[in-house]
Amino acid sequence: MSTWSVLPIWIVDLVGAVGMIVFSGLCLLLAEGIYRRDPEHPLANYLLWFSGAIFAFSLSRSIGHIVRHFLQLAGHGYQWQYLAPISGSINSITFVVIASVTLFFHRMQTIMNRMARDRQRIEKTSQELLRLNRDMEAIVSERTRSEMALRVAHGVRNPAIIISGLVKRIAKDLEECGAGQKYFKKVQEETKKLESLVEKLESVQPGHQLHFSPQELNGLVEETLEIVQPEADDKGVALLLDRASAALTFQGNPHLVKMAILHVLRNAIEACSHGDTIQVSTALVSRGVIVIIKDNGPGIPREVLEHVFEPFYSTKKGETGLGLAHVRQIIEEHLGSVEINSREGEGTEVVIILPTHLGELEEQTGHEKPGQSQID
Amino acid sequence: MTILVSVLLLLLSWPRPAWALQTHGGYEGLYVHQGAHLLFILAMISFAYRLRVTKLTAQKSWRWMYRGAVMISIWNIWAFIGHFIALTVSGSVTFALGNEVIPVLRMTSWRETAYFFLKMDHLLSLPAVIFFYLGLKDMHRTFPQRDLFRDRRRHERRRVDRRLL
Numbered sequence: 001m002s003t004w005s006v007l008p009i010w011i012v013d014l015v016g017a018v019g020m021i022v023f024s025g026l027c028l029l030l031a032e033g034i035y036r037r038d039p040e041h042p043l044a045n046y047l048l049w050f051s052g053a054i055f056a057f058s059l060s061r062s063i064g065h066i067v068r069h070f071l072q073l074a075g076h077g078y079q080w081q082y083l084a085p086i087s088g089s090i091n092s093i094t095f096v097v098i099a100s101v102t103l104f105f106h107r108m109q110t111i112m113n114r115m116a117r118d119r120q121r122i123e124k125t126s127q128e129l130l131r132l133n134r135d136m137e138a139i140v141s142e143r144t145r146s147e148m149a150l151r152v153a154h155g156v157r158n159p160a161i162i163i164s165g166l167v168k169r170i171a172k173d174l175e176e177c178g179a180g181q182k183y184f185k186k187v188q189e190e191t192k193k194l195e196s197l198v199e200k201l202e203s204v205q206p207g208h209q210l211h212f213s214p215q216e217l218n219g220l221v222e223e224t225l226e227i228v229q230p231e232a233d234d235k236g237v238a239l240l241l242d243r244a245s246a247a248l249t250f251q252g253n254p255h256l257v258k259m260a261i262l263h264v265l266r267n268a269i270e271a272c273s274h275g276d277t278i279q280v281s282t283a284l285v286s287r288g289v290i291v292i293i294k295d296n297g298p299g300i301p302r303e304v305l306e307h308v309f310e311p312f313y314s315t316k317k318g319e320t321g322l323g324l325a326h327v328r329q330i331i332e333e334h335l336g337s338v339e340i341n342s343r344e345g346e347g348t349e350v351v352i353i354l355p356t357h358l359g360e361l362e363e364q365t366g367h368e369k370p371g372q373s374q375i376d
Numbered sequence: 377m378t379i380l381v382s383v384l385l386l387l388l389s390w391p392r393p394a395w396a397l398q399t400h401g402g403y404e405g406l407y408v409h410q411g412a413h414l415l416f417i418l419a420m421i422s423f424a425y426r427l428r429v430t431k432l433t434a435q436k437s438w439r440w441m442y443r444g445a446v447m448i449s450i451w452n453i454w455a456f457i458g459h460f461i462a463l464t465v466s467g468s469v470t471f472a473l474g475n476e477v478i479p480v481l482r483m484t485s486w487r488e489t490a491y492f493f494l495k496m497d498h499l500l501s502l503p504a505v506i507f508f509y510l511g512l513k514d515m516h517r518t519f520p521q522r523d524l525f526r527d528r529r530r531h532e533r534r535r536v537d538r539r540l541l
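First to last, the protein sequences are chains Y and V. Using my numbering, the first residue of the first sequence is number 1, and each one after it goes up by one. Using my numbering, the first residue of the second sequence is number 377, and each one after it goes up by one.
Only true hints are included.
Computed footprint of chain V on chain Y; a stretch qualifies when at least three of its residues, placed anywhere within it, have a C-beta under 8 Å from a C-beta of chain V:
1. 3-16
2. 35-41
3. 47-58
4. 87-100
It should be emphasised that the hints constitute simulated quantities derived from the structure, not laboratory data. C-beta: ideal position from N, C-alpha, C; glycine also.
All chains, full assembly: derive it from the sequences and hints.
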């Protein structure tokens, strides 16, 4: 029968106990440092709780072990029997705390991922809004410039024509007497300059092409559907996309077209109830590229349908009623057309057609008025 | 009403032990402690599994946390067995030789050998805490990194989808 000294056990126990206190204390300090940087961050809170629990565990356990060894070395080992239950109980409690905090990790991660996704979505939407705002501002400023030029041209044209006519007559009279011809020729030249300036001002048209570039409709529709998907999910409305296999290229402003489609989709979602379906399809037709948004919601009453494109007409309390008027304005800016077909109780179909090249649809359709609403 | 009161008074005249308060003696403390160890193991294994499945271990900081969780799980199993072995080892196997301050362990069977090694559980628990420390140290350096906590699986799936498109 052999005997082994317990010295290795004592050394490992004492060094380990001190090491546990030191490193778990450092863990707590680091976690506290992380927490201080962003006290509202869920991860920072989680790490602080986790480190706090690890520190409590290490402290309670290690102090127990250290005290036990000192009592034995001092010859009071028997006293450990009174302290052991307290040390053991605290230890058990810290185990449960660590386990509870750690088991919450999964939920914590789910919350964080959800928050990250929402934040990304908000950032994306803000960027879209910013771009849209910039484009709108550019279009408005361009329009204002054009309108001012036309107004100036209109105001200056008549006096310029009259002055020109009078100067010609005076010049004829002066030819006979021969005096001051030199000066009148200069006046005539300046009058001609004035006339050509008026012509130039009158020829200024709103420059559609300035903010328009080649776009692909399928991609824009998909991006728009991605934006409204959470809203449709919340309401229990199914969004189905039947996209054309070919690329649907057209000239336009992506943000404005997306905004128009987005508005129509939001209207459809709002009108639909749980279990309804919104079918979005894209295609290439002879008149250009087409997007059809069809829902099986309650439809629009005949008396409302006649006014849906009118500005400030709204059946919803507290709304401006500019939504569909804006949609029509955007589509008209693209020289396209928007139609609404609806039957009460059966659903609504919105058809947006955009010419593949600016001016194309206008030429093909002749005097067809865009924004026409139809009742089946 | 009178009859009811009379019956109640009659019952109160012959009291019996009510066992209203349960005492907590004997092995209950050990069972609670061992139960807490099991809960600790479960939590740490699920934590390590979650870190691995969500690919968080791709980051240095979470890799250290993962190692810490695995190590502390092993320590828990080690300590769990150690508590049971300690029950089977008699208190008299540890005794002092002469005037020696440090006692010795009488090795009578495999239990004493196991007890000797299982008692040195700090060999596992200290590295586990050091791993947690290293993980937190790295997080402290990089925090607030944007996707420090993000489930990487979704991210990877999206990347693959884009490639396919």
